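Count the sequence shown with mature numbering (1 follows the signal peptide of the UniProt record, and there is no 0) and you get residues -24 to -1, 1 to 713, in order.
Hints listed in this document are in silico derivations from the structure and should not be mistaken for laboratory results. These numbers were taken from a predicted model, which means no experiment stands behind them. Worth double-checking, as some hints may not be accurate.
Computed Cβ-Cβ distance ranges for the label pairs, DEER-style [stated by the list, open to error]:
#1 Gly205 <-> Gly58: 29 to 35 Å
#2 Asp641 <-> Ala256: 30 to 36 Å
#3 Gly217 <-> Ala700: 54 to 60 Å
#4 Pro47 <-> Asp234: 26 to 32 Å
#5 Ala86 <-> Ala326: 43 to 49 Å
#6 Arg691 <-> Gly645: 48 to 54 Å
Beta carbons: idealized from backbone N, C-alpha and C, even for Gly.
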Amino acid sequence: MLFTRTALCIAVLGTMVLAASAQAADTPIYTIQGTGSASPLVGQTVTTTGVVTRVNNNGFYLQDLVGDANPTTSDGILVFTGSAPTVVAGNLVRLTGKVVEFNTGAASNADTAAYTVTELTTIADLSVIGTGQSVAPVVLTLPLPQGEDFERYEGMLVTVNGPLTASQNYFQGRYGQLTLSAQGRLETPTNRFRPGAQALALNEANARRSFILDDGSSLQNPNPMPYVGADNTLRAGDTVGAVTGVLDYGLATASNADYGSYKLQPTVAPVFSRQNARTAAPEAMGGNIRLASFNVLNYFTTFTNGATASGQTGQGCTLGGATAPGNCRGANNLAEFERQRAKIVAALVAINADAVGLMEIQNNGSTAVQNLVDALNTRLGAATYAVVPDPSTGTGTDAIKVAMIYKPARLGRSGASTSDASAIHNRPPLAQSFAAANGEKFTLVVNHFKSKGCDGATGTDLDQGDLQGCWNSQRVQQAQALKTFIGSLQTTSGSNDVLLVGDFNAYAQEDPIAQLTGSGYVDQIGRFNSFGYSYVFNGAAGRLDHAITTASMSPKVARATEWHINADEPSVLDYNLEFKQPACAACAPDLYSATPYRSSDHDPVVLGLNLYKTITGTAGRDTLAGTPGDDYFVGGPGADTLGGGAGNNVYAFTNLRDAGDTITDFVPGKDQIDLRLLLASLGYAPEAPGAEGLVQAVANGNNSVLQFNAGGAWRSLATLQGVAPADIRISRDVVLR
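Produce the entire structure from the sequences given, and follow the hints as far as they go.
See below:
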């Protein structure tokens, strides 16, 4: 058939009118979304048009090409197909679907029920009407203004300005998820503030400056794992620039009863930068005794498959009066246990503490803890570590207990171990007094308070909405009982110096810790670090693991810190064999390694203790002899003769009137000269540069004379008998700051 030009124009015009009429019948996406948290069109079937911004494995995101310029309505929506979509990003599509509000959690989950996802389902008449289309992302700078959340951007393409910090990576391997935050890491509110208005305000502020970066897939254990960086990890604290993608909402944990979070499904691959480097060992703590505590995450030698570390089968664990393999925790089998033990041993070897408090050791007598010590001694040499025996006062009724190991060559047990028999504890605190070779004593108490989980909680132990979780009332009572227990220890040991370590299941400003610090005890982590943390939960970091001393012991703590080998690492690096990337020829390998990293879910705490015997001279000439252990000499004015004997000894000079001493047995690399008080007496600041240039060693026969530059003139401080100047290294053998 031939058309005249006029007839053809009329036909085209008619087609355009029909198209315009059909388009006018569409319901815009922003009308479907509405201005509230739920669509005003729920349950209705609508037809709409938009551009595909991102395709997932079971749906895609659709956004209006123009939008309505109303910041309270979203221009984007999720189209749920249930299987791989046939469209691609950039397609302009028209479709018909049913409007639903999808609760990503359980029906009883109040959190996710308040943030349902508006989506189109039961899709029909899907047609591609254009290609190569795009929309400009909305640019967001966090934190969002107070009172706002991400709801108004649900389903939309956004760019979140950077830099952004990885605050949590627990589900990186399981679900391809990271928690990102602006303005640095998130801190647990009750780690910073006492429960109340300030903590609640920080909790709300954390929500406005954080979100989850997802991988755009509903698949579990994705292979390869997204966002992996150097050392086959991505550590909390690492950073990324601006990220672009579509905002969604979903569960933030593995449980459909837990909280949800807004998620960004990236359309541009993020590139992370390592800002939080791994370290091979804890920082130097100073002092002459090193102590530590470590939650070893259910170190069980009886496994959930009924076998044991010694090769027996048909074994179980007792819990609630029943004995069955299902009551065991930790490793499922010998292969997992060997992986678990290798990581924990690697961590403890690197920590190299003289005594260690352990939490979550199987409560099976000495079997589990002795197994760990045997593995340590295989690495370090026979009898390097020994187990503190279980106390006659018991180890409690729980499946796990606290335990203690120590180096007999460095510390001797002073008296028997004991535990707090108060019924408030189901994991009684364990105490052991120790004596160093110089006769100095202290008492170490290992603790593991009731957890924050809500199983069985009633009355005042229920979550009170103050961010302290469940069982706070019981933890407070445990802290009160602990204070009474410490009083009895001080009477028995004859020493007021007590160090409390362990997993208190309470953050730094919560009631149980306040019970202690409000009674004169000193929080040693807080003393040295305003943002100490040992655990990451809900994307925020805080310290559940503490080192708290009596007031008399506090001055003897040289330093205390956490070694961040666990809380900052993805859980997929741990010893477990489940929830790993699938095994196949083209798949990435299991990222497990027999290193300290992700040996547990808690970071170990490490302290340096100045446990020296102080030996002080008079104003005249003295001859002073040390003990068999570590001594701290203050000879005072006059030309003294000092002999340290065995041990690692320190010789302090408080001012220039102390000059002229002779040290008969100084050992470079073991003993030290402490000039900090001398420098202070002359007005030098501790951080003054170039202090090393004020000290030199010169020969005097077979001896060295240590000299100090006082106003341009070299003054002799001490003669080191039998030591050559070449053996002296000022930076190592002289303490200047």
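(request) Against the structure, test the hints numbered earlier, and report the numbers of the ones violated in rising order. (result) 6
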